[in-house]
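Protein sequence lines, in the order shown, are assigned to chains A and B. Quick note: the first sequence, position 220, residue 220 per our numbering, numbers continuous. Quick note: the second sequence, position 139, residue 139 per our numbering, numbers continuous.
Among the clues, some could well be false.
Each pair may be met inside one copy or between any two copies, as identical chains are not told apart.
Claimed, not checked - EDC-like cross-link-like pairs, simulated, lysine to aspartate or glutamate; straight-line CA separation at most 16 Å:
id : residue 1 : residue 2
1  : Lys-16    : Glu-5
2  : Lys-174   : Glu-5
3  : Lys-28    : Asp-169
4  : Lys-32    : Asp-91
5  : Lys-343   : Glu-237
6  : Lys-167   : Asp-121
7  : Lys-57    : Asp-217
8  : Lys-236   : Glu-157
9  : Lys-32    : Asp-50
10 : Lys-236   : Glu-5
11 : Lys-32    : Glu-326
12 : Lys-16    : Glu-158
13 : Lys-236   : Asp-317
14 : Lys-366   : Glu-387
15 : Lys-174   : Asp-317
16 : Lys-33    : Glu-59
17 : Lys-16    : Asp-317
Read the hints as simulated data drawn from the structure, not as lab findings. Bear in mind that the values here come from a model prediction, so they are computed numbers and not experimental data.
In case you want the letters, here they are:
There are 2 protein chains.
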Amino acid sequence: MRNFEYYTPTQILFGKDTHLQAGSLLKKYGAKKVLIHYGGQSAVRSGLIDEITSNLKEEGLEYITLGGVIPNPLLSKVREGIELCQKEHVDFILAVGGGSVIDSSKAIGYGVANPNNDVWDFCLKKAVPTGCLPIGVILTIAASGSEMSSSSVITNEETKEKRGCAKTDYCRPKFAILNPRLTYTLPQYQTESGCVDILMHTMERYFVNIETMEITDSISEALMQTVIYNARILMKEPDNYSARAEIMWAGSLSHNGLTGCGTGGGDWACHQLEHELGGVYNVTHGAGLAAIWGSWARYVYEVNPERFAQFATNVFDIPCGTDYKETALAGIEAMENFFRSVKMPTSLHELGLDLTDQQIHDLAFKCSFEDTRTIGVFKQLNMRDMEKIYLMAR
Amino acid sequence: MRNFEYYTPTQILFGKDTHLQAGSLLKKYGAKKVLIHYGGQSAVRSGLIDEITSNLKEEGLEYITLGGVIPNPLLSKVREGIELCQKEHVDFILAVGGGSVIDSSKAIGYGVANPNNDVWDFCLKKAVPTGCLPIGVILTIAASGSEMSSSSVITNEETKEKRGCAKTDYCRPKFAILNPRLTYTLPQYQTESGCVDILMHTMERYFVNIETMEITDSISEALMQTVIYNARILMKEPDNYSARAEIMWAGSLSHNGLTGCGTGGGDWACHQLEHELGGVYNVTHGAGLAAIWGSWARYVYEVNPERFAQFATNVFDIPCGTDYKETALAGIEAMENFFRSVKMPTSLHELGLDLTDQQIHDLAFKCSFEDTRTIGVFKQLNMRDMEKIYLMAR
Chain A
1 MRNFEYYTPT
11 QILFGKDTHL
21 QAGSLLKKYG
31 AKKVLIHYGG
41 QSAVRSGLID
51 EITSNLKEEG
61 LEYITLGGVI
71 PNPLLSKVRE
81 GIELCQKEHV
91 DFILAVGGGS
101 VIDSSKAIGY
111 GVANPNNDVW
121 DFCLKKAVPT
131 GCLPIGVILT
141 IAASGSEMSS
151 SSVITNEETK
161 EKRGCAKTDY
171 CRPKFAILNP
181 RLTYTLPQYQ
191 TESGCVDILM
201 HTMERYFVNI
211 ETMEITDSIS
221 EALMQTVIYN
231 ARILMKEPDN
241 YSARAEIMWA
251 GSLSHNGLTG
261 CGTGGGDWAC
271 HQLEHELGGV
281 YNVTHGAGLA
291 AIWGSWARYV
301 YEVNPERFAQ
311 FATNVFDIPC
321 GTDYKETALA
331 GIEAMENFFR
341 SVKMPTSLHE
351 LGLDLTDQQI
361 HDLAFKCSFE
371 DTRTIGVFKQ
381 LNMRDMEKIY
391 LMAR
Chain B
1 MRNFEYYTPT
11 QILFGKDTHL
21 QAGSLLKKYG
31 AKKVLIHYGG
41 QSAVRSGLID
51 EITSNLKEEG
61 LEYITLGGVI
71 PNPLLSKVRE
81 GIELCQKEHV
91 DFILAVGGGS
101 VIDSSKAIGY
111 GVANPNNDVW
121 DFCLKKAVPT
131 GCLPIGVILT
141 IAASGSEMSS
151 SSVITNEETK
161 EKRGCAKTDY
171 CRPKFAILNP
181 RLTYTLPQYQ
191 TESGCVDILM
201 HTMERYFVNI
211 ETMEITDSIS
221 EALMQTVIYN
231 ARILMKEPDN
241 YSARAEIMWA
251 GSLSHNGLTG
261 CGTGGGDWAC
271 HQLEHELGGV
281 YNVTHGAGLA
291 AIWGSWARYV
301 YEVNPERFAQ
311 FATNVFDIPC
321 GTDYKETALA
331 GIEAMENFFR
341 SVKMPTSLHE
351 LGLDLTDQQI
361 HDLAFKCSFE
371 DTRTIGVFKQ
381 LNMRDMEKIY
391 LMAR
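Given these sequences and hints, build the entire structure.
Written as structure tokens, this is what we have:
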């Protein structure tokens, strides 16, 4: 096992009605003027934004609002947020939403705290931020794990690039409020895409080609089983509190570092392959991951079939015979069958993309930063490998 | 499931040679003058204290040292530490040891930061601290989980009372360095006592009588299986890095809150029953817990045999028939058999205590605060119940 660092300072408040504690938490963390940052009009129509503003008023906090963040959040919105925060002297951002809103908030926070840098330079690794406005979260979508993570992903709509912004502890939210009821109204497709994203945050860390920790493996396997079981329940019972709660907490645990302890960082090839799809074709992140994963897995599993066999046995209860490859393939198929059972795509076609050879070549060219980088650690993938996986997924 | 809060801000550095990063971490967290607080002479003889002082010197940090903390750490030592820190203007405590040293450091930290209070009043709940000196940890015993927890336990040698000190976030260590190699030289009895303590921190939270979270249950069950498996390995191979690492990380996870998410706080009756043993007879904490647990379990399991049956099945792979009670009892026996396999006591006699009826009565009288409180939530226990459990454990 590898040495590791584990740092998850975000204070979590989990359960019914917890969002009404936002004001007191903001005060505890020293907020005076808050940007309430959110996505679509559903947060307004549902009355959530009103509840929050009332709560902040009661606590004597000043605030402004900025809505309109879209999935695969845009750099232009980030720039708008930075300008607004500077003009209004905002000292705290309250993200009300899912990964897109939280990621947009993190990028805005970086921009405000580093006025001498262009925020996109942090995504291009041309500069490193030295701070971030403090961020709090009221989570309404269980998926990204951004509420406890140090990462964020922004899309530059001009260059059609979707890139991870700086990965620093500065942007880890001070607190995150997780009320499972706030996810009841999410459309089924978004709910299940979220479940795939949660699974993938664990699988990216699980599929490594080194000796891992038993305790990390078994926590990861338990987490995957929980998500699979409850994602199926939510297909029929979107208002099942218990299932929503299990998925929501799994979402935070899957990306706060716990499932990566001792595994040396993880693979992340599927995320990179999906980011190109998201940047160019604006697909839903989790669905894009589902469309890619099976092809990636079949392309790489022979490097270490035993690891995939362990996955098959411990997550899907598939008996492991002497032939690891056979068990490995059965495990990959079981995961794809799960994806199908929750109406997630297992190919680009099912994702709604019918791509030409040239379009696939262009994706691989972009994903490899014009053939200058490899991705993945379970198996290192160069541009040719990426192209093959996209083709397999077609 | 209950609403919950989860807050684990301690930065963890885990792995080989990580203790050599103590100096840089202390500087990161703003230390200028450090109290290096430790236990017995083994930390000096092994060269560990020398390595640490060299490391702090290299980083330009001032320090003083205070050794001599004993298991079931004493209030008198805490008072000595407070006085020393005040005299020397210490601004950071580096605890080098296990639970006793860390708990002693927390109590010293409370004392220094609250000069108008007597520190024992925090243990008697007569006062609440409003701060604590910042604490860092180099862990040398995997057991207490104090390196990530908000709790500490101090023994008043004059009154023979062992009491939890204030439970606040102020005392959570800023960082904890976990190098499994530093635990190699621990005697077998201490190692295995530590394993029992780790199991108990999870079991105290697991055995509750309310609807729990599936994900918390399965993480707890995975953690218990990991500890049981690796505790047995350490009986034969005390230098097995992997086994030491699994136990060490399990120790932190078992007490940082993760295994209690949604379970409403836990039972903690066994810990209370053991604290009286520790306070009066100075037994090793984990061994004391092992001596009590089986009797507690048999006394309470009929309140919810299904919960104990789940434990039997998911931790010990005991097939669950229709008779939950039978499965429950088999699970309790399996845990006791595990205790025996790692040479842990399953009775007070095996713990080295042959107590008279009067002595047992006195323990129950003390544990019930002179018949004024109950303990436990799985089943609430009054003084009569406590006495019966001590008698069963005799």
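We went through each hint and held it up to the structure:
1. In the homo-oligomer, the alpha carbons of Lys-16 and Glu-5 lie at most 16 Å apart only across protomers (12 Å), although the nearest pairing inside one protomer, at 32 Å, exceeds that limit.
2. In this assembly of identical chains, the alpha carbons of Lys-174 and Glu-5 lie at most 16 Å apart only when taken from different copies (13 Å versus 19 Å within one copy).
3. For a Cα distance limit of 16 Å, the shortest separation of Lys-28 from Asp-169 across copies, 13 Å, qualifies, whereas the shortest one inside one copy, 20 Å, does not.
4. For a Cα distance limit of 16 Å, the shortest separation of Lys-32 from Asp-91 inside one copy, 7 Å, qualifies, whereas the shortest one across copies, 30 Å, does not.
5. Taking the shortest Cα distances, Lys-343 and Glu-237 sit within 16 Å of each other inside one copy (15 Å), while across copies they are farther apart (49 Å).
6. In the homo-oligomer, the alpha carbons of Lys-167 and Asp-121 lie at most 16 Å apart inside one protomer (13 Å), although the nearest pairing across protomers, at 44 Å, exceeds that limit.
7. In the homo-oligomer, the alpha carbons of Lys-57 and Asp-217 never lie at most 16 Å apart, since the shortest distance is 45 Å inside one protomer and 39 Å across protomers.
8. For a Cα distance limit of 16 Å, the shortest separation of Lys-236 from Glu-157 qualifies neither inside one copy, at 36 Å, nor across copies, at 60 Å.
9. Proximity of Lys-32 and Asp-50 under a CA criterion of 16 Å is satisfied in neither setting, with 19 Å inside one chain copy and 47 Å between copies.
10. When the C-alpha separation of Lys-236 and Glu-5 is checked against a cutoff of 16 Å, the pair qualifies neither within a copy, at 40 Å, nor between copies, at 29 Å.
11. When the C-alpha separation of Lys-32 and Glu-326 is checked against a cutoff of 16 Å, the pair qualifies neither within a copy, at 59 Å, nor between copies, at 59 Å.
12. Neither within a single protomer nor between protomers do Lys-16 and Glu-158 lie at most 16 Å apart by alpha-carbon distance, with minima of 41 Å and 46 Å respectively.
13. Taking the shortest Cα distances, Lys-236 and Asp-317 never come within 16 Å of each other, neither inside one copy (24 Å) nor across copies (31 Å).
14. For a Cα distance limit of 16 Å, the shortest separation of Lys-366 from Glu-387 inside one copy, 11 Å, qualifies, whereas the shortest one across copies, 72 Å, does not.
15. Within a single copy, Lys-174 and Asp-317 get their C-alpha atoms no closer than 39 Å, and across copies no closer than 41 Å, so neither meets the 16 Å cut-off.
16. Taking identical chains as interchangeable, the C-alpha atoms of Lys-33 and Glu-59 lie at most 16 Å apart only when both belong to the same chain, with a minimum of 12 Å there against 39 Å between chains.
17. In this homomeric assembly, Lys-16 and Asp-317 never come within 16 Å of each other (Cα to Cα): the closest approach is 34 Å inside a single copy and 35 Å across copies.
Consistency note: the structure conflicts with the earlier hints numbered 7, 8, 9, 10, 11, 12, 13, 15, 17.
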